[in-house]
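S.K.: Sequence:
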Amino acid sequence: MPDNGMDFFVRTASERDLPAVRALLVQTWHDTYDPIYGRERVVEITDSWHSLDALSARLKRPHSEFVVADSGQRIGGMAFAAAGDDGKKIQLHQLYVHPECQGRGIGVALFSEIAQCFPEAREITIEVEEANSRARAFYEHLGFEEVGRSGDCGGAGFELPALIYRRGL
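The opening position of the sequence shown corresponds to residue 130 in the working numbering, with each subsequent residue numbered one higher.
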């Protein structure tokens with residue numbers, strides 16, 4: 130469903146947002162990762178990582194922020210990040226924008242909000258699938274630099290290769 134040029138605002142996510150967030154994540158993952166991993170594998174991953182229970186647990190996680198881009202009619206994007214024990218390092222676990230809403234500044238707005246939510250933080254890292262050239266370009270545009278590799282993106286046992294990006298705050 131096109132958004133007809135609606136403006137989005139970034140706000141803290143709530144339990145009532147989770148079905149829409151899950152739908153956004155499933156759609157975005159299929160659009161992005163079906164060509165890389167195949168539809169069945171994407172279903173397996175999204176059923177695990179993006180279940181309502183998994184999203185609810187993120188919402189309640191201490192020292193974290195879960196935000197959505199909301200037009201008042203739809204959720205167009207989401208981001209989730211958590212601070213390390215000392216609060217100086219942030220791990221950006223998720224930042225996704227619905228395919229129909231991409232290219233409109235929503236991703237930048239979500240990232241800016243996440244960065245501001247952790248005033249003590251000095252750096253932020255994210256794992257990015259190597260084949261996801263759009264995401265890599267997005268993070269590089271935001272000033273992230275590639276600093277390493279992971280053989281298990283997200284550490285969830287799916288053995289997804291990823292590049293590790295980092296930037297100062």
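Be a bit skeptical, because a hint or two may be false.
[Unchecked claim] No farther apart than 20 Å at their CA atoms in a straight line, the calculated lysine to any residue pairs in the SDA-like style are these:
hint: 1; residue 1: 189; residue 2: 149
hint: 2; residue 1: 189; residue 2: 173
hint: 3; residue 1: 189; residue 2: 215
hint: 4; residue 1: 217; residue 2: 192
hint: 5; residue 1: 218; residue 2: 292
hint: 6; residue 1: 217; residue 2: 272
hint: 7; residue 1: 189; residue 2: 269
FYI, nobody ran anything at the bench for these hints, they're computed from the structure.
S.K.: If a hint holds in the structure, say so; if it doesn't, say that too.
M.R.: Quick rundown of the hints versus the structure:
no.	hint	result
1	189 x 149	holds (18 Å)
2	189 x 173	violated (24 Å)
3	189 x 215	holds (19 Å)
4	217 x 192	holds (11 Å)
5	218 x 292	holds (18 Å)
6	217 x 272	holds (18 Å)
7	189 x 269	violated (30 Å)
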